[in-house]
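In the order they appear, the protein sequences are chains G and V.
The number in this note's numbering is simply the position in the first sequence, starting from 1, with 81 added.
The number in this note's numbering is simply the position in the second sequence, starting from 1, with 81 added.
Rather than coming from a laboratory, the hints here were simulated on the basis of the structure.
You can take every hint at face value.
Note: identical chains are not told apart, hence a pair may lie in one copy or across any two.
Derived EDC-like pairs: lysine to aspartate or glutamate, alpha-carbon spacing no greater than 20 Å straight-line:
#1 K296 with D329
#2 K161 with D149
#3 K161 with D143
#4 K233 with E206
#5 K296 with E148
#6 K325 with D360
#7 K325 with E266
#8 K349 with D329
#9 K217 with E302
#10 K153 with E266
Since this is a predicted model, take the numbers as computed values, not measurements.
Protein chains: 2
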Amino acid sequence: MRIVLDAMGSDTCPDPEVEASIEAARLFGEEIILVGPENQLKSLLKAQGGDNSLVRVVNAPDIISMEDKGLKLALKAKRKGSQTSMAIGMDLVKNGEADAFVTAGNTGGALATAFYRLGTISGVERPALTGLFPVKGGQCVVADIGANPECKPINLLQFAIMGSVYAEKVRGVHQPRVGLVSNGEEAGKGNQLVKETYPLLATSGLNFIGNVEGKELFGGEADVVVTDGFTGNVLLKSSEAVAKLITDILKQELSSSLRTKVGALLAKPAFAEIRRMMDPGEIGAAPMLGINGLIFVGHGRSDARALVSAVRTARQAIEADLLMAIQSAIQERLSQTRIQEVT
Amino acid sequence: MRIVLDAMGSDTCPDPEVEASIEAARLFGEEIILVGPENQLKSLLKAQGGDNSLVRVVNAPDIISMEDKGLKLALKAKRKGSQTSMAIGMDLVKNGEADAFVTAGNTGGALATAFYRLGTISGVERPALTGLFPVKGGQCVVADIGANPECKPINLLQFAIMGSVYAEKVRGVHQPRVGLVSNGEEAGKGNQLVKETYPLLATSGLNFIGNVEGKELFGGEADVVVTDGFTGNVLLKSSEAVAKLITDILKQELSSSLRTKVGALLAKPAFAEIRRMMDPGEIGAAPMLGINGLIFVGHGRSDARALVSAVRTARQAIEADLLMAIQSAIQERLSQTRIQEVT
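In isolation and in its complexed conformation, chain G is listed as follows (with noise of 0.2 Å):
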């Protein structure tokens, strides 16, 4: 197994990068590809006492940053000579090279570069970015949280079926709970896309369990929810912002006096948890399904134990030979379609 981490993703990299690579070649006895500026790796690499044999570095010069965008991001992904870390590190799963590939960088990025040099499985429309949120007793695989703003019936299923696949084989869950994001959980509540992916999920064979709304997703009522890029994207974004919010004014007002410091203080142990839910580090890395390749991407504030139980995750999905599965999935539902056609 051969998994590359691209060295330059997460916002102190690639410190971070260089500390996972050899922890996580040394926990999983596996081969990793660090991809990144050579020289600069090597003597880090070296610095750390890093054992070789184990971590190969492969020259990138040229990164995507997080400013970069439109034109020339497009551009950095597509090149045929891009010499970005992602570019070079995907053409190296691509080549069969490698078997995943790894990041904590820049998401629009990662997508544009996955989507250009793998291109996607063959029967799916759209790719889906997905992300894993932290819900009530564990976490919930949400898709598509933003590669897709405006989405058509098809391609919420086939999120849903990819979805459904990722969390059985690679999460363990059995016939996960499939649920569609709606502005109310009785059926027929929704806009135009979710009353016409309604039926399409209620006659797909997936164990769907409806219209979910905050209560249920949060709750813990569900183990995959599709919506539209636009939508996830909201969600995504507006749950960080009020966990954000929540903890901030806590952390303010913790501290806000000698008497609430001290609570504060013996109260410790009761703010890990919420800590751990928040801890990119839990979450790993979550995949890009319907990419023709293995790609996960982390948070950019992912620390190299993040960055390690990412890699963790793609183990797990090469493991799980995640992306057969998926193809087969895809497949199934497709020839059932025609044969619906046909009947």
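Assemble chain V onto chain G, guided by the hints.
Chain V in isolation, oriented as in the chain G frame:
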């Protein structure tokens, strides 16, 4: 000034409504018209020692409950002889016998009743449900939070005009900052609706600050935020669910050991701000913008204090002649559009 209070709105009605009617009449010196089952309300008023000179009871034997939906709800809302507290209460506003109507009941029921009985302001295509979101340093007016799952750009422009007038006249915000919910702050980001709405807002003469994400919304960077009713509803429900998840976990963890219990006791003052933010009593009620009458809807969880606060908001709206101000702003915009069409 005469303000109608729906006695059959809140989750624990009519006790909080009866208490609030007495308190509001006393506090504001205005006539409060309590609408609901006459005998029950009169005996409750008597038991609470209410001053009948300022609290008047108008009989309404029927109610719209949380279970009413679909055709049944539509009939209760529309029928000429409808005896629900909402229908009778809003008819009082329509016939000029009252200046505003306040309810903590079924939002969909209130919207349908208002739409059928009062209609919309001339020139307004669709009314909006508004929510007051607790954000850093205050509150943000969000419209639409659920009346219109599908919107056109002109609808969002009108929500922005009406929301601005409301923020300025009733909430006392000078030149309210107006944001457009999108999946990215940059201009050009968004789904089709957002992309088409952006230029309308940019040339509207409103204080448009561009696209906003959760960060800007909950960071308190906008006073009014517009979106379609589907996205707005998802935003509302998910924010509430995240806040509930965090506070539930915190409560549970704080009571998990003696040490954390003592800590929680000492830190108690620090939790007050969070509780205050999530308290319906702080929010009061939000207006239905675009309805041809002053209709305010509060949270179902409202207690007497929250209802008094809702009546206060209604009173401020009457005082500021909100309806007339919105009518003027819409007319002004319509004539500007006509001028643009001519030139």
